[in-house]
Structure formats: C-alpha cells, structure tokens
Amino acid sequence: MHYLQFCLTLTTIVLLTLQHLSAQAAGNGNDNSNVASGSVEDLVDKYTTTQAREMLSHLRQSSSADADAVADAVFMDSLEKKMWQQLVLSKQQQQQQRQQQQRVRRQQQQQQHQRQHRRRQRQNKKSRNSNSSDDIMDVVADGDSVEVVTAPYVNTAEEWDDDASSSATSLDDNQDDKVPYDIYTCCSEVFGSCRTSCENLSLVQLAASDNANGRSLRLELKKYCPSMQTSFWSCMNLTLEAVARGAEWSGRRCCALGLSPRCRNACATSESTTEPQLISACRKSDEQHMFACFEHQETGDRCCSTARTSECLQACRDVFESQKTYRRNKHHRLHELCHEKRDAEVLQCINNITGMTPVTNSHKYLPCCEFSKVDSCRSACRSVLNSTESIDIIIGELEVSGCGILLPHIPLWQCFLTAERTIFVPATKSTNELSQINQIGIDSAKLHCCEKAKFPKCRRLCMQTYSNDWTATRAFFEESCLLDHNELKLRQCMDEVDEPCELGCDGLSFCTNFNNRPTELFRSCNADADLAARSDLKMWQQNGSVILDGLELPIKNMTRCAPEQWKAIACALQIKPCTRDRHYNHICREDCYEILSECMDWTRMRLALNADSVCARLSPNEDVPCVSLRPYREESDVPKETGGYHGLTAPCKGHPCNASAACLAHRNESNTYECVPGCRLGEASNYLVPFGAYVRIPVLQAEKPTKIVGDAATGAFKVCRCGAQGRIEHCQPLPSFSYARCLLPGGRSYEHGKSFYLECNLCSCFAGEITCTKKQCRLASYLDPSYTSLPCNCPTHFVPVCGSNGNTYHSACIAKCLGMQDNEIQYGACATLNPCREGAYSCSAGHQCLEQRKICLSSMHRPCLQYQCVNITAGCTSAEPRPVCDKQRRTHNSACDLLAAHATLAHWGACFRSCSMQGPVCGINGVTYTHECAAWADYIVIDYRGRCRQVGLLVADMGPRCNSVRCPRLPSPHCRRIVPPGACCAICAGAFRIVYSRKQIDRALYAVRAQNKDLITLHSVLQALDALVQFSECQLTGFLTMEVGIFVALVPRATTPMRMQVEACAREAERISLMIESQSHEITTNLLLSGLIVSHLVEPSTDGGGARLLLMPSLAIIASLVVWTLQSRRVL
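Sequence positions in the sequence shown follow mature numbering (1 follows the signal peptide of the UniProt record, and there is no 0) and run -25 to -1, 1 to 1107.
Hints listed in this document are in silico derivations from the structure and should not be mistaken for laboratory results.
Where a beta carbon is used, it is the ideal one built from N, C-alpha and C, also for glycine.
Please note that the accuracy of each hint is not assured.
[As the list claims (entries may be wrong)] Derived Cβ-Cβ restraints for the label pairs, each shown as a range: (1) D556 / G850: 48 to 58 Å; (2) T274 / L719: 34 to 44 Å; (3) H314 / D556: 50 to 60 Å; (4) Q700 / T249: 49 to 59 Å; (5) R605 / E734: 13 to 23 Å.
Work the whole structure out from these sequences, hints included.
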C-alpha cells in the first residue's frame, strides 16, 4: 500500500516537471527559429507520451497484484483519464502559441515592407518634384507638437517618422487598412469646432485650389484642432498625401461631378478608377455623369500620349479639360502647337473623338439665335455661326455662353436639330403648329429602347438620335453602341422594333430547311429575305470570302467544304430565327467554331487570328441564348399537313394592309382582319398604332447641368392619341418618376425593373416601388393544420362579396386582406347586384340605363360605375359603334341599336358562334355567369357547369381541390394541364401571371381622366393583350386573381385541338409573357399595357400529381379500416 502511494506521488511530480519543461520550451521558441522550436516541442510531446504510458502500465500491474486494493484500481482509472486530458490540453496550447507566433511575424514583415514601399515612393516624388515652385502647408504630427513645414505639395506628410514610435506606425497602418483616405473618418476622431472645421474642408476644392487657398484651409484647420490629437493628425496626413499623389491624374477634373460628398472625396484621393476607395464609395449606376467624364478623360489620355512635344501635350490636355465643352480657342491653340505631320496621330485622334469637321453652311442656322432669351447667348450664337467651325465647337461655345445644355425641347436647340428639314421652319416664334418631330421624335418606339442601354454614353446618344434627325449622332451611335456586344439588350430591342419575332415560317424556295416550322420564332421569314440569302451565298462563292461584322474571312471552296452549313448560315442571317428566351438572333459560338475550323483559309488571313478569337468577336458571351444551326441543316421533322398550315391561321402575318394602315385581326372566332387608319410613331418609324390608340412618348427633362445624368435615370413621358389624319396629337404630360432602386430590410436592394421572390411570392421593383403577390407562404419544416394557402391564410369558405372596384371576391376575409375596407364591400357577387335598379344609377333625361360590368384597376377610378347611360332620343346614327349581342344571338352595331330593336342584352361584344347559351356556369375566376357566351365576352372560360360553390387552393400539394365539383375532361391528350389560382379544375392552355404597378395605372388614368375615364379597366387590358395574339385558333382568357395579379391563359378554341394548335397556344403565351418581362416597345408604348411590369410563365401540373391527390382519401379510409379491424380482433 505504501508502495502504491509512493508511485502516485512520483507520477504527480513527473507530470508537473513535464508541464514546466513544455512551457519553457514554448517560451524559448519566441526567440529561436521555427526549426529549433519545433524540435523542442516534438521532443517534449514524445517524452511525455512515452513516460506516461510506461508509468500507467507499471501502476496497473502493481495495483492488479494487490488483490485487496480494488478502490485504488478505480482511482488509477480516473487518474489515467485526467492525465490524458492534461496531455491533450497541453498540446493544443502549444499549437495555438505557434500559430500566434507565425501571425505576429507575418504582420511585422508586412509592416516593414509597407514602410520600405512608402520611403521609396517619397524618394521618387522628391526627385520628380525638386524643381517645383508650388509650396503648400504640410501638417505633421510628431509627438506632442504640430510643425509647419514648407515643402512641395506632393510631399505632404512625408516628414512623418516611421520608426519614431511603434504605436504611431501601427496607427497609420491600421487606418490605412480600415478606411483609406476618408476625411470623414478623420473628422470622427475629434469633436466641437475642430470637427466642424474638418467637415467643411472639401478635398475636391483642395485638390483644385492654388497654393494660397490650400495654405489658408490648413491654417484654419490648425487653428481649431489641438496638436495632441495624434490619431486625427495621422489620419489627415494619410489623406492629404493621397490627394497629392493623384495630382497628375486627369480624372481629378471629374470629381466635382459626383453627387455624393463621400464619392467626391474618394475621387479626390484616388489615382485611377480602379482605386478601392473609389469603387466602394462611388456606384457607377448612381454616378453616371462622373464615370462618363472618366471615360472622356481616359480617351483624352490615349490621344495625348502620342504627342511629341510638351507644348502639344499641354494643348491636347486643355482640349479635354471639361467633359463636354470644346472651346474654339483651345482647338486653335492645339493646331498652332501641334505639328501637322509630327503630331498627326494626336490631331487625327481628337478629330475622330470630338468630330472636328468644319461646318461650311453654319450661317443658315442664324435665325435660330433669335429663339434664345439670353443676350449673351444670342451674341455668341451669331459670332460662332458666322465662322466655319465644327459642330462640337459651335455647341461648346453656345453652352458656355448661357444657352444651356443641349436638350431637344428647348426652342433654340429644336431649331438647330431640325432646321434642315422642310417640315419645320423656325421662321417666327408665333408658330402654333408643332412638327411631328418635335412632338414624338424621329422614332419614339425606339426611344423606349434607350433605357436598356448599359452605358450612359449610349443612352445619351440613343435619346439624341431618335428624338431628332441628327445624322452625325446617328452614325456615331450605330458604330459605337449598336455594334458593341456589351449593348446586346439595346441592339435586341432595336431589332424587335424593326422586325418583331413571329411564330411560323413557310413558303421559302431557297431556304427550304426553314419551312414547315409553325411554332418557331423568326424575324424575317418572307420571299425578300429568301432571295437575299440566295444572293449572299452566291456572292460568297464568287469572292471566296465572307464579310461578317466588318471582318473579311477568306474561305475555302464552299461548294466542297460544308456547303449545307454555309447555306444554313446565309439563310439564318437573312431569315433571322429567334431564341425562345429573350428573342436573340446571333449564331452559337459552337457552330461558328466548327465551320471556321473546317473551311477557313488561314493562309489568306491578313490578321493574326484563330477560330476562337474570330468567333469570340462575332458572338457575345456564352451565357447568352443563341441560335443553333443544327436544326436547319435538314428539313423540319414536323409532320407535313395539307397546305402546310397545321390548322393555324395568322390573319395579320406579313402585314397585308397598306403602309399607312394598321391590321386588326377579328378575334371572335373569325380568321379575317380589318385595315384601319394608323399613325407612325415618328417619320423614320415602321411601327404603326391604330386610330384612337393612346400611346406613351418618352421626353427629355430640363435639369441642372450637374444632374444631366438624371435624364437617363428619370422616366418622363407624355400620353398622346392617334388622330384621324394619321398624326399623333392631343398630348398630355404624365407625372414623371425616377428609376430608383428598391431597398429591403437587411441591406438588400434591387434595381429598377428586376423581379425576385420574397418567400413564395413574386415581387417586382419598379421606380422604387415593390409590388408583390399576396399568397400565404408555408413555413418550411412546420406542419400547420390551419394553413390554407389563401391570402392572409383566409379559410376556404365560398361566401362571395362585391368590391367597390367591381371585382367579386371569394369571401370578405380575402377582400379585406387585399385592401378593401368595410364600407367598400357588399355581400353577394357583383353579378347578383343590379346596377340599373331604382335609385342605384344616375342618368339624365332621355337616357336609359344599360348594365355594363367592369373591374377598375386604379384606386383613382371612383366611382367605378357598372352601367352605361344610352341616349335614346338623338338617334343611333351618332352613337359610338360598339357591337353588342342580344339573347337571340344577333349582333347590333351599338347599344342604342339594341334598345331601339327592343332586344335584351346578352353580353357586350359581337356574338360568338360555338359557345353554349345553356347555364348557369362557373368561370375560372369564381364568378357565376348566365351562360358560356357571357363568360367568353368577359374573357373567361368555364371552370365547371353550375353555380360557383367552392374555392380552389393556390398550391397543389394540399389534397383534393373542390370535392363537390365534377371537373370536365381535357379536350386533347396533348394538353398542358394548367390550374388557375383559386379555380377547381384544370384547363388546356399555356399561361402566365402578371404583376402590375398600381402607381403606373394611376399615372395613366391621370393623363386621360378628362378624355376617357373608363379607359383603364381589366377588360381593356385583356383586350389589348388579345390584340397581340397572332393565331386565330387561340382564345385569350384572364382575370384578377386573389394574389393581386392578373392570370392570363391562351386556350385552343377547337373542341378537339390538334397537337400543333396546343403547342402554338403555349408558344404564344410564352412570347407575350416575354414581351412583358423584357418591356418590349409594344408594351411600353401602349398606355393600357404600360402598367404591366413583370410576367412569369405558369408551369403545368402533372397528371401523376393529380392522381396522387385523388387517391389520398381512399388510402386514408383503407388505413383507418385496417386499424379498426386489428383493434377489434385484439378486443375479441
């Protein structure tokens, strides 16, 4: 027993000794090398582990030998555990100490490298500026005093001693790492008058000021800031040193254009646009004017870098001193100091950029000078126009002389931009008749595309080009923007205006592989494009080369080397097939690489290029959708049918009307069309709108010079109407709005026009407004038995109420959840409330009330009348022609004719032939209609026969929908099963759901409230969408959902539709949805559709999922019976 106690005591002493040795070895490692430290620690670890194991083994043998010491054996087990825990803890501490030592050494090395780098920079700057005569005040914090040192400006804070104090050095490094050169960080170190004086110090003014002003600012700062503020003066030295470092950077001229003070100061402390502080403080989307100036100065640096003499270099830099203004004396001085031959590159570069071609007929613009009310502007205008100067010099001289910025709506600039045209002659100021150019621009449809430009320069050139006929701007815009692959969205929008993508291609004699494709998209499938493709291929074969995107590519013999591929390329370039996603037209890079690798004659290639580089130049990024040529190397696999039409007709395809008429297809089960007078949206526009249509026209706004970038970031429109003479007239301004970002809690933000999801709801950011659907989202991994998926988790009770906006809601809970107040709802469906009952309407004498249901989309549309007062005394010849159908299936030209014939109204609109007059029926919108024809007139297809009695769910995985409802079968096995939100049964359709902006709808109603207050309704929006449908075999249906959105579907009209008809309707829905999502010109120009901002396709539900849901009740019943049987047997 004594022996055992002796062994325990010895073991404890050994452990304490080993721990002391380990700690001592770790302490010595701070001064020794890594190798020595590692060897000592490894030796300690090895010795500790080996000795511990031997002692434990010996103690166990001793304890086992003594049969009477059972308690001591238990003690030995616990001691073994504690020893191993101590060993593991000791080893972890040693590893942490080694890691800490390595971090300290790395920090010391980095600090030493930084100090050496700063010393080298100061030495280089001293040598470069030894002859400089500009001295400034340098504030140097050294210990407890502040010294005033007279030194060159670039040496600010150079006298700081890096080795004087380790704490001061650490302070400098830490500040440099955290927020480099931020004067606001320096000001936050002090308080009171010192802080006020610091915050009033503008780094932009400091960088641009002369020596006296700079010295006075520093003396003022020294007056209020005590010298003991070491951290403050250290931060100021770093900031002032950064200001001095970038004094030669040309971008300093642009710092004053920054909108944010933090961005301006970050610019003043930067040496290039790649500086971290500039990138973090200045967002390119917000500071577009400043970044455009940066591009302008970088272009000037490239031009001036080729100057041979210092005088020419300085004259060249003076030309680019400001972003936009080109003064006459500066260019004269440039030509004086730059030799015509020696500095030819400089002169040519400036001429290419600024357009310095002299104007020989500038005197004819002299009458325009009288349109300015500023005397200095009129005087400068006469002076500069009497000389042969370039366009840029003329504009620059006028801008700095008080004429203002070049904006097309200012009379002076209107005169300049349109003086060459005969349609507008600025003879006198009293001209009341505005020209169409001043009214809508050259092409207002393409003006809507300018918003899609990626760079501010292209956005500005786009607005100038299509607002007025300025030929020089148009050529430069096409060369620098439309041919730039970075402006792919802008180019695609322009192509969509000129040649929109349409479904179907047939009837080609040369490009026969493009025929028989009824559900594919093409821009130019016609005989002219087919003939052009034949001519292109013949010319390529004769010349032995292909010119693509300005690049001449020598080709081997095309008749032997992949002739079918070259034919497919020639046809694709003319027929222009479109991708289903975003409607792009460029050929895939894989096809380009394949054909060039095989058939390119590299021996005749002038440039050092390969197949990869050529295809990268011809095709944009690989992540952009592209057109593959493989399907067009052989005939289409679509079964050929009689006539090649596949049961599809497109009445207005190919524009059968004359050039001044718009084609309107008859959408009431007819394959005919009507040619109505139309208006072009500009003299150079190919886009026609029908007579009476309301259109939106973009306009430019007059703003301060420092906010010229706001023209692109602000949406300014006017609403006009197409008149009977083919002219756009009766224009009214719309309330402007800003394309602002949308901010969400948590720091997230989205750009204007972006769509996103918040949980399960689809949202959109439009002009700073977030609009979301209102579906109740289900929490993940949480089973809530009360979850219904309806808005606000309302119960699935069908107790309809009628809202003051004319919409029928499934229950009062849903109506209140969607924003309706108690005094705005009435119990009962809207169809059950007679608007023409006694005391419910107000019509003047001689007028009769006639029911006309509508759903008002704007909150400003109050009251939303559900009837129309028809004049029955003045005769029906003067009544507005709007067809109506009576219960005998007879169509009347107007409501007046209906009442005059003593007929009963069945529905508004022409009569349908194939609908049923038996009823009642329940529509997919949850509204009961008297018969199917009345539902069709309201753009609704039936959900099931009988009155509406149940509410469908908004999700598909919660069990059966509407147990008491018997759903009809789908008409074809090729159908896409779409279940509308809130409906009970599936329909055969292609569908999409739309999110609309209430503010945009309100703005549209505000513009036309005096002319047509009932213009903006759900029916008019669906009617405008129906006009976009190409095929007559597709019927449009849509309604306002309980999710606060519009559900739209395209259903085949045939009782048993063919596969091609089903697929065509699905492709039509896909095409129209993409037009809304991409904000196509056909959406943005149409006032009725301008509020539709987001559209997403509705995915079809699977048959398997429906079968599984129907089997769930049966499986539950069977399981219950089995459990009941087993329990019964157990009881028995």
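For each hint, the structure was consulted:
1. D556 / G850: 48 to 58 Å: Cβ of D556 to Cβ of G850: about 55 Å, so the range 48 to 58 Å holds.
2. T274 / L719: 34 to 44 Å: Once the Cβ atoms are compared, 38 Å apart, the range 34 to 44 Å for L719 and T274 holds.
3. H314 / D556: 50 to 60 Å: At roughly 55 Å between Cβ atoms, D556 and H314 fall inside 50 to 60 Å, so the hint holds.
4. Q700 / T249: 49 to 59 Å: holds (57 Å)
5. R605 / E734: 13 to 23 Å: Because 41 Å falls outside the window, the suggested range is violated.
Violation of the numbered hints given earlier is confined to hint 5; every other hint is satisfied by the structure.
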